[in-house]
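**Q** Sequence:
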Amino acid sequence: MTVSLVIVSHSPKVAEGAADMVRQMVGDSVRVAWTGGDPGGGLGTDVAKIIAAIDSVWSEEGVAVLVDLGGAETNAEMAVEMLDEHKRDLVVICNAPVVEGAVIAATEASGNSSLAAVRSAAEDLYG
Numbered sequence: 001m002t003v004s005l006v007i008v009s010h011s012p013k014v015a016e017g018a019a020d021m022v023r024q025m026v027g028d029s030v031r032v033a034w035t036g037g038d039p040g041g042g043l044g045t046d047v048a049k050i051i052a053a054i055d056s057v058w059s060e061e062g063v064a065v066l067v068d069l070g071g072a073e074t075n076a077e078m079a080v081e082m083l084d085e086h087k088r089d090l091v092v093i094c095n096a097p098v099v100e101g102a103v104i105a106a107t108e109a110s111g112n113s114s115l116a117a118v119r120s121a122a123e124d125l126y127g
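Number 51 in the working numbering belongs to position 51 of the sequence shown; there are no gaps in the numbering.
For the record, the hints were derived by calculation from the structure and aren't laboratory data. Since the model is a prediction, treat every value here as computed from it, not as a measurement. Glycine included, each C-beta is placed from N, C-alpha and C at the ideal position. Keep in mind that a hint or two might mislead.
Per label pair, the in silico range of CB-to-CB distance [as the list claims (entries may be wrong)]:
{"#": "1", "residue 1": "P39", "residue 2": "S114", "range": "30 to 38 Å"}
{"#": "2", "residue 1": "D28", "residue 2": "T74", "range": "28 to 36 Å"}
{"#": "3", "residue 1": "G17", "residue 2": "G40", "range": "18 to 26 Å"}
{"#": "4", "residue 1": "A48", "residue 2": "D124", "range": "25 to 33 Å"}
{"#": "5", "residue 1": "E85", "residue 2": "A52", "range": "31 to 39 Å"}
Whole structure, please, built from the sequences with the hints as guidance.
**A** Shown next, in the form of C-alpha cells:
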C-alpha cells in the first residue's frame, strides 16, 4: 500500500481536474480523492467532505492533503483534528501548489516513499 492523496479546492472542477491529471500521470498506483465546493454548491470547502475524502482513500502509510487557498487549509486542519487520534498522526497538509504539488506527491508516493518523503517532495517543488 502507498501514501494516498486528497486534493481540496474551493472549486470542484479544479479539484477534480487536478485529481484527473494525477491519475493520468501515475495511473492507479496511488489512491486519490478530491473535494471542492461548499455545501450549497458554490465556491468553498467543507470539513465533512474533507473527512469523507480522507476516509475514502485511507492508507496506513498515510494521506497527503493538498489545498488551494487559506480557507481550504483551515478546513483541512479542522478535518484532521476531527479524525481518530491514530489517523490524525498519519495525515499531513502539504504547503505546495495544489496541481503541481499533487503530481509531484503522487509521483513520489508511486515509488512507495514514506509520508514524510511525499510531503517533502511536494513542498520542495520550488526549493
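**Q** Against this structure, judge whether each hint is valid.
**A** Outcome of the hint check:
Checked against the given bound of 30 to 38 Å, the beta carbons of P39 and S114, roughly 35 Å apart, stay inside it. Evaluation of the 28 to 36 Å hint for D28 and T74 yields a pass: the beta carbon distance comes to about 31 Å. Checked against the hint of 18 to 26 Å, the pair G17 and G40 passes, with Cβ atoms roughly 21 Å apart. Between A48 and D124 the CB atoms are about 32 Å apart, so this pair conforms to the stated range of 25 to 33 Å.
Between E85 and A52 the Cβ separation comes to about 19 Å, which falls outside the hinted range of 31 to 39 Å.
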